[in-house]
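J.: Next come the chains, spelled out residue by residue.
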Amino acid sequence: MIGFDTFDVGRSGLTLSKTWLDVIANNIANVNTVHPAGQQPFRASYLVAQEVVEPGLGPSGQGVRPVALVEDPSMPAMVSSPGNPLADANGNVTEPVVDLSIEMTNMIMASRSFQVNERTIETARDMYQAALQIGK
Amino acid sequence: MQIPPLGAVAPIQSPFRTSGASSPAGAGPSRDSSFSDMVTKGLQSVSASEKSADSMVQGLASGKPVQAADVMIATSKASLSVQMLVAVRDQAVGAYRDIMNMQV
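So the protein lines, in turn, are chains A and B.
For the first sequence, the working numbering assigns the number 1 to the initial residue and increments by one for each residue that follows.
For the second sequence, the working numbering assigns the number 1 to the initial residue and increments by one for each residue that follows.
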């Protein structure tokens with residue numbers, strides 16, 4: 001049955017929002033993950049989205065998909081924490097590269113992105129049902 | 001900032017992509033695009049969408065990594081397909097009744 005393209009496009013947006021939230025949740029969960037000084041710290045990941053365009057399927061695209069995870073390249077902070085079992089001889093540990101304020105704002109965006117994609121699907125369903133009322 | 005011009009918009013396609021689309025226009029209704037074929041194809045696609053929704057619901061219930069939103073979309077598709085089928089059937093039966101009730 002033709003006419004469900006919006007559903008699939010919206011579904012790709014829902015899937016992306018969900019994946020985005022998964023990545024944010026992982027970043028936030030690791031906000032206290034310290035590593036010994038000198039080791040690579042935990043770095044926050046950011047999701048890279050890309051549009052899906054298959055030529056020959058009409059003027060509109062086919063939605064969005066997650067393509068990659070990019071790590072935050074910022075320098076990690078060295079924090080003195082002598083009581084930490086992971087601390088080096090000087091009592092330093094490497095803090096994770098996670099900015100909680102960025103993660104929280106991203107979480108709001110992911111949540112809203114899920115909502116608007118859900119709304120496009122809902123609108124498409126309403127339009128389909130309105131079309132079925134024609135001639136009744 | 002330069003705004004690229006909008007390309008030519010593709011013409012609206014027939015809602016039913018029948019295999020008889022290649023028949024020359026004006027040659028009269030071909031066998032491929034008859035009403036019964038259309039109904040048969042509609043029934044098949046309704047059945048396919050129902051089966052897809054059914055397998056997704058089963059997957060969700062049995063703990064497979066299926067997203068709830070995907071299941072709801074699949075069930076919505078199946079529900080809308082059935083509604084479409086019922087609407088077409090109502091119209092067809094209505095037309096039949098109109099003919100049968102004609103005074104002669």
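Be a bit skeptical, because a hint or two may be false.
As the list claims (entries may be wrong) - Which residues of chain A face chain B? A partial, calculated answer using Cβ under 7 Å: (1) Tyr46; (2) Tyr128; (3) Leu132.
Because the hints were derived from the structure by calculation, they are not lab data.
Even for Gly, the Cβ is constructed at its ideal location relative to N, Cα and C.
J.: State for each hint whether it applies.
T.: For each hint, the structure was consulted:
{"no.": "1", "hint": "Tyr46", "result": "22 Å, violated"}
{"no.": "2", "hint": "Tyr128", "result": "5 Å, holds"}
{"no.": "3", "hint": "Leu132", "result": "5 Å, holds"}
In this structure, only the earlier hint numbered 1 is contradicted, and the remaining ones agree with it.
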